[in-house]
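Q: Since chain A is already given, all that's left is putting chain B on it; use the hints.
These are the residues of each chain, in order.
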Amino acid sequence: MSSHVAPHRWADAYARRLADSERATMDRHAEQCRACARARERITRASDSFVAIRNQSSPELSWDSVRARVHWSVSTERRAKVRLPQRRPLLGWVAFGVVATAGVIATLVVDRPAEPVARAPLTAPSPEPGGAFVSPAPASPVGLAGLVNRTTGDVMIDGTRPTDLFARRLVAGTVIATGDGRVDIQFGDASAFGLGPRSRLELRRFDAQAIELVVEGTVDVQVAPRVAGQRFVVQAGKRTIEVRGTQFRVRHDAVSTAVACRHGLVAVRDSYGQLEVGAARHVELAAARPVSTERTLPLSLEAATELADATPMTLPVWELGTLASSAPLEIATSGRRDVRLDGVELGAAPMRVRVMPGRHTVEAADGQGRYRRAGWIDVAAPNTNAKPARLEVLPEPPATRGTDERRRQLRAGIDKGRIGLCMRKISKQGLAGTYVQIEISVDAQGAVGFLNIIDTDLGKATAGCVDEVVRDVRFKPGATATWNERIDL
Amino acid sequence: MLQRVKREGGSVAALGPADEADLIERCRAEDRSAHDEFYHRFRRQVAGNLYRVLGDRTDLDDLVQEVFVIAFRGLVRFRGDARLSTWIYRICVNVALGRIRTRKRRPNAVGVADLDSASADPSLVERPETPDRSLERRRDQESVYRALESLAPKKRMVLYLHEIEGLDLKEIAYLVDSNPVTVRTRLFYARREFYKVISGEDPPAVVKTAEDDS
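Chains A and B, in that order, are what the protein sequence lines are.
Count the first sequence with our numbering and you get residues 1 to 489, in order.
Count the second sequence with our numbering and you get residues 490 to 703, in order.
Okay, chain A solo, but in the shape it has when bound (with noise of 0.2 Å):
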């Protein structure tokens, strides 16, 4: 073969596509020629890798979040369909243009005196006894239902701590009070209060027209914009906080009502006038002064982040159908942990929260605050026989003993000049304070168990070359220990 073989027919030898002589002759040239060698050994490995490419099976999503979000457009669209009005159709117009036109000149051509067309009414007529408007009676509105989101420590509903708690549906008249914990209520989609600890809190009125909340502690607020005719109302004391689309915080005890307005707009009203209080802004009211005689100050930044993180947990489709399906996962740490459920995070556990059945990830800070894998769980939809779902997180593994003699060891083996030379071609760019963050385990024997590059600045080449320099480190033998290493270069 006098030509070099075009790269695809390495890919039909491969493939088998080809004669036995054809293929023999392919490699035999490929024998004397070192490019067509070259391009038959990555060919054949990247043909390889097709197979492993096609067994790649589905990574693991927040299924959860996932079909909530399709439900969410799906159900959307329907919603809206429902709600627009029914086009008529073109011939309807049509119709209905050519008939008009014909009244019209019959209208004009007959000589009759001038009266008005008789017309069918678009709408049914309205009773008018005597000519006056009379409204009509105005129906009961439809009652809300509240479920709980998540739970820490002690909740009372009525009086009684249930068992049932994430299976009730909360409706108007109840009282929900907590002891040092809290609980996130939600009732409309991105609606739901979240009850702070030794909190009382009884739904008034909980319809579609109004909510009206009475409040005697701390309420974090998160309500979805209100359409006209719609209230929504917290009650503290003689005061009353009114919303129309925000997220606030009302605290209110027997000295002084608080409200903390996160965003969007909040208005305090008692019976001498009304106050408002914007975004990012709070005002503290005495219990004896009426609020116009107040001002609002600006929140600290300390204060917006702690109203972001009270913000009350809402899931992403609120449908009762939907979530009759829910059920509560337990998520129990030996101490106050922060976690995080399928990628979201939720604050500090132990805690109990609402999720859809499936298998979902847990996900615990460390002490550095970062996140690690706690474990998964299959939560299966709600059976009156059956436990709740329950994870527990491990507590974190005590610091090992000999983690600063290790680290002194490390630190003292890393060979400088290697890494000097593994930095060179970025030096030349100008680039500095880069970093690689490694995590290497010892053992006893002084022989390294895993060593992992989890962070780094550096392109691919040289985190790999500062790699091998690690790796070249000899411990001796000592303590077992496991940490983590920021290497500065």
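Some clues are possibly wrong.
Listed next, with one range per pair, are the computed distances between beta-carbon atoms [claimed, not checked]:
#1 MET156(A) to ARG622(B): 52 to 60 Å
#2 ARG590(B) to GLY179(A): 54 to 62 Å
#3 CYS33(A) to ARG681(B): 16 to 24 Å
#4 GLU294(A) to ARG515(B): 56 to 64 Å
#5 ALA641(B) to ARG38(A): 51 to 59 Å
#6 ARG590(B) to GLU302(A): 22 to 30 Å
#7 ARG418(A) to VAL670(B): 57 to 65 Å
#8 ALA641(B) to GLU306(A): 46 to 54 Å
#9 SER3(A) to ALA641(B): 25 to 33 Å
No farther apart than 35 Å at their CA atoms in a straight line, the calculated lysine-lysine pairs in the DSBU-like style are these [stated by the list, open to error]:
#10 LYS387(A) to LYS425(A)
#11 LYS659(B) to LYS685(B)
#12 LYS460(A) to LYS428(A)
#13 LYS416(A) to LYS460(A)
#14 LYS428(A) to LYS685(B)
#15 LYS685(B) to LYS425(A)
#16 LYS460(A) to LYS643(B)
#17 LYS428(A) to LYS416(A)
#18 LYS460(A) to LYS685(B)
#19 LYS460(A) to LYS476(A)
#20 LYS643(B) to LYS685(B)
#21 LYS416(A) to LYS476(A)
Here chain A is said to cover these stretches of chain B; the calculated rule only asks that three of the stretch's residues, wherever they fall, bring their Cβ under 8 Å from a Cβ of chain A [unchecked claim]:
#22 551-565
#23 640-646
#24 651-661
#25 664-675
Simulated from the structure, these hints should not be mistaken for lab results.
Glycine residues also receive a C-beta, built at the ideal position from the N, C-alpha and C atoms.
A: Same frame as chain A, now just chain B:
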């Protein structure tokens, strides 16, 4: 027709034709439990297809969502001339094509092919089996996806379906909504370009940063 498109059958057993028809009917009737069943049956297949076609999991959640929304919206028009799984695969292909086109306009900051990559959140990644083998495997896969990136979206898709998924021209034609002759022509040129890049004759056009010194 088109019985053998996908192997990955979701988290539950594959559906028979009668069950499939029943599921479709219930979905068309806006039965929420049918939607749930549909989602559970096909979610892994959809995610797996998209993952393999694109070679990275950036925005995979969003793409899976898009596929299911399109599927639920389009079930009323599903004529049943292919298996449901094939029809969904076709939606995946179209969504992936859209994604590839968008990515061509706005290249990823991170790069291609994070299959099993350690660049993901380290707390979520298992330790590699053996570093050398894992690295080699990853590099081979990366080179495949890098070469795929250098192709035009339609050529890339045809090549992927033929060379990696092993589908024939007729199946590919259905999936990309084209005819087999067009697919054959596209594949002819795509193979030449792809293997040229793989063999190292023609380096892929990738954006290199000063820091990316690998």
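Q: All the hints need checking, so say for each whether the structure fits it.
A: Status of the hints after comparison with the structure:
Remark: the range hint 52 to 60 Å for MET156(A) to ARG622(B) is upheld by a beta-carbon distance near 58 Å. Roughly 56 Å separates the CB atoms of ARG590(B) and GLY179(A), a value that falls within the hinted 54 to 62 Å. Roughly 19 Å separates the CB atoms of CYS33(A) and ARG681(B), a value that falls within the hinted 16 to 24 Å. Between GLU294(A) and ARG515(B) the Cβ separation comes to about 59 Å, which falls inside the hinted range of 56 to 64 Å.
In this structure, ALA641(B) and ARG38(A) break the distance hint of 51 to 59 Å, their C-beta atoms being roughly 26 Å apart. Taken as a hint, the range 22 to 30 Å is violated for the pair ARG590(B) and GLU302(A), whose Cβ atoms sit roughly 46 Å apart. In this structure the supplied range 57 to 65 Å holds for ARG418(A) paired with VAL670(B), their Cβ-Cβ distance being about 59 Å. A C-beta distance of roughly 52 Å is found between ALA641(B) and GLU306(A), which places it inside the suggested range of 46 to 54 Å.
Separation of SER3(A) from ALA641(B) is about 27 Å and conforms to the stated range, judged on CB atoms against 25 to 33 Å. Of the supplied pair hints, the one linking LYS387(A) and LYS425(A) is violated, its CA atoms being roughly 60 Å apart against a limit of 35 Å. Taking the CA atoms of LYS659(B) and LYS685(B), the gap is about 26 Å. The hint holds against a cut of 35 Å. Distance check on the hinted pair: LYS460(A) and LYS428(A) sit about 17 Å apart at the alpha-carbon level, within 35 Å; holds.
Taken as a hint, the LYS416(A) and LYS460(A) pair is honoured in the structure, with Cα atoms around 19 Å apart against an allowance of 35 Å. Distance hint between LYS428(A) and LYS685(B) is fulfilled; the C-alpha atoms sit about 33 Å from each other, no more than 35 Å. For the hint pairing LYS685(B) with LYS425(A), the CA-to-CA distance comes to about 30 Å; that is within 35 Å, so the pair holds. For the given pair, LYS460(A) sits about 31 Å from LYS643(B) by alpha-carbon distance, which is consistent with the 35 Å threshold.
Distance restraint check for LYS428(A) and LYS416(A): the Cα-Cα separation of roughly 17 Å lies within the 35 Å cut-off, and the hinted pair is therefore satisfied. Between the alpha carbons of LYS460(A) and LYS685(B) the distance comes to roughly 25 Å, so the proposed pair stays at or under 35 Å and holds. Taking the CA atoms of LYS460(A) and LYS476(A), the gap is near 30 Å; set against the 35 Å cutoff, the hint holds. Under the criterion of a C-alpha separation no larger than 35 Å, the hint pairing LYS643(B) with LYS685(B) is consistent with the structure, at around 18 Å.
At roughly 19 Å between alpha-carbon atoms, LYS416(A) and LYS476(A) fall within 35 Å of each other, so this suggested pair holds. Judged by the Cβ-Cβ criterion of 8 Å, the segment 551-565 of chain B is covered by chain A as claimed, because 6 of its residues qualify and three suffice. Counting residues of the segment 640-646 of chain B whose beta-carbon sits less than 8 Å from any beta-carbon of chain A gives 0, not enough to reach three: the coverage restraint is violated. Given as covered by chain A, the segment 651-661 of chain B passes the check, having 4 residues with a CB less than 8 Å from a CB of that chain where 3 are the minimum.
Figure legend: the segment 664-675 of chain B, annotated as covered by chain A; annotation inconsistent (0 residues with Cβ-Cβ distances under 8 Å, at least 3 required).
Of the hints listed earlier, those the structure fails to meet are numbers 5, 6, 10, 23 and 25, in rising order.
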